[in-house]
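Novice: With chain B's structure known, arrange chain X on it following the hints.
Listed here are the chains, written in short residue letters.
Protein chains: 2
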Amino acid sequence: MAGKVFVSVSMSLDGFSAPESMDGIFATPEQREQDPRLAHWVAQWMELQSWIFPLRFFRENLKLGEGGEEGRANDIVRETFERTGASIMGRRMFDLGERSWPAEAPFHTPVFVLTHNRRDPWERPGGTTFHFVDDGIHRALERAREAASDRDVRIAGGSETILQYVNAGLVDEFSIALAPVLFGAGTRLFDGVNASKVALEPIRSEPSTRVTHLTYSVRPR
Amino acid sequence: MAGKVFVSVSMSLDGFSAPESMDGIFATPEQREQDPRLAHWVAQWMELQSWIFPLRFFRENLKLGEGGEEGRANDIVRETFERTGASIMGRRMFDLGERSWPAEAPFHTPVFVLTHNRRDPWERPGGTTFHFVDDGIHRALERAREAASDRDVRIAGGSETILQYVNAGLVDEFSIALAPVLFGAGTRLFDGVNASKVALEPIRSEPSTRVTHLTYSVRPR
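The listed protein sequences correspond, in order, to chains B and X. Numbering-wise, the working numbering puts -1 at position 5 of the first sequence, and it's gapless, one number per residue. Numbering-wise, the working numbering puts 208 at position 214 of the second sequence, and it's gapless, one number per residue.
Isolated chain B (complex conformation):
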């Protein structure tokens, strides 16, 4: 009973899913003062994600505190979590997360990290185990499918990892929270997509308070 392979990310209206660099996240005040771009990149990232921070499910899952907004956006975030039986992410996303997530990491499922460096599985409290896969995206997906059983596999990010899976024809469904933000520069979600091979079919389009939740099925063309 194979589940789907899906993507769910935030994108600015001009197509960016991340600022030029995430270096600002862990920069010291001194570093930020020396390089004003660091603060700018953090501000962009926060603005892109600002729809999700106040949501009750997100706050509780990230251990940011009790309470928060309920409603459709919150339901969508919870549904995305609940359908996910395993996640796949790139090494850079893991490295960032390793420094940001609470000890009880927010996945509560196996997570497969694409890497060139072997490393033993890393088990966290609450059911998240990170597995480090150094034999390619197909093998990582095989392992994630097996771990997810009848639930879905999420290609979590970053955009380079997402595009590798999209271009290999391995993604069934693509969800975007389209934010009312213009970046002007940064990391484009679809940079390098093989547009001649990838077709999208709209499944649904649903506004919440701050963003539009777009869902497409992905097919070869």
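Heads up, some of the hints might be wrong.
Copies of one chain are not kept apart here, so a pair can be met inside one copy or by any two copies together.
Said to hold, decoys possible - Derived lysine to aspartate or glutamate pairs resembling EDC-like cross-links, with alpha carbons at most 16 Å apart:
| no. | residue 1 | residue 2 |
| --- | --- | --- |
| 1 | Lys(-2) | Glu76 |
| 2 | Lys(-2) | Glu24 |
| 3 | Lys191 | Asp166 |
| 4 | Lys191 | Glu41 |
| 5 | Lys191 | Asp114 |
The hints are simulated quantities; they were obtained by calculation from the structure and are not laboratory data.
Specialist: Structure of chain X alone, referenced to chain B:
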């Protein structure tokens, strides 16, 4: 009784509002055979616009024939037409249109064309008069506002003209028909936007059969 200044365009999910070139539109079969990109660009353009071609209002206004699809998308296209008291466009868009529009051009209002070459107004049957403005975007907008009276002014395109007005803080409202298409390359709608000066506020987001109709108010930031 000043109306609004608005934009209404189609955009691919990866942020393109036109292919790399529109040269394919008028290419001969021989030219298309010699340069396969010409056919590719036309195919991209057709796919981006494919949501609008079957609509009854669009077909009748472009003299493509009687009949066509009704429903929400058709209403949106008609409402966009009805609110428009004058349009502004760049010279390249006009040049393309001059070879494509029917004699009864589809505007039925004054149209102000930004150009460096003076030319007498060109009056078409059905109420469209093209005025050629060589003294800048502010002056073109003044004249368009005056002509539109209490109706709205549409910045019709292309994207370079749209961005000039957005970056000058002269656009009040931005509507995008977001199409389930990936271009991979072409003309980006927001290429060159002054992201640090332009803020968007969602007004509404409405799906129709093929596209999502996104409307934002535009503010300085």
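Novice: With reference to the structure, classify each hint as holding or not holding.
Specialist: For each hint, the structure was consulted:
For a Cα distance limit of 16 Å, the shortest separation of lysine -2 from glutamate 76 inside one copy, 13 Å, qualifies, whereas the shortest one across copies, 44 Å, does not. For a Cα distance limit of 16 Å, the shortest separation of lysine -2 from glutamate 24 qualifies neither inside one copy, at 45 Å, nor across copies, at 45 Å. Within a single copy, lysine 191 and aspartate 166 get their C-alpha atoms as close as 14 Å, which meets the 16 Å cut-off; across copies the closest is 37 Å, which misses it. Taking the shortest alpha-carbon separations for lysine 191 and glutamate 41, only the inter-copy value of 14 Å comes in at or below 16 Å, while the best intra-copy value is 32 Å.
With identical chains, the CA atoms of lysine 191 and aspartate 114 are never at most 16 Å apart, being 36 Å at best within one copy and 47 Å at best between copies.
The structure fails hints 2 and 5 (numbered hints given earlier, in ascending order).
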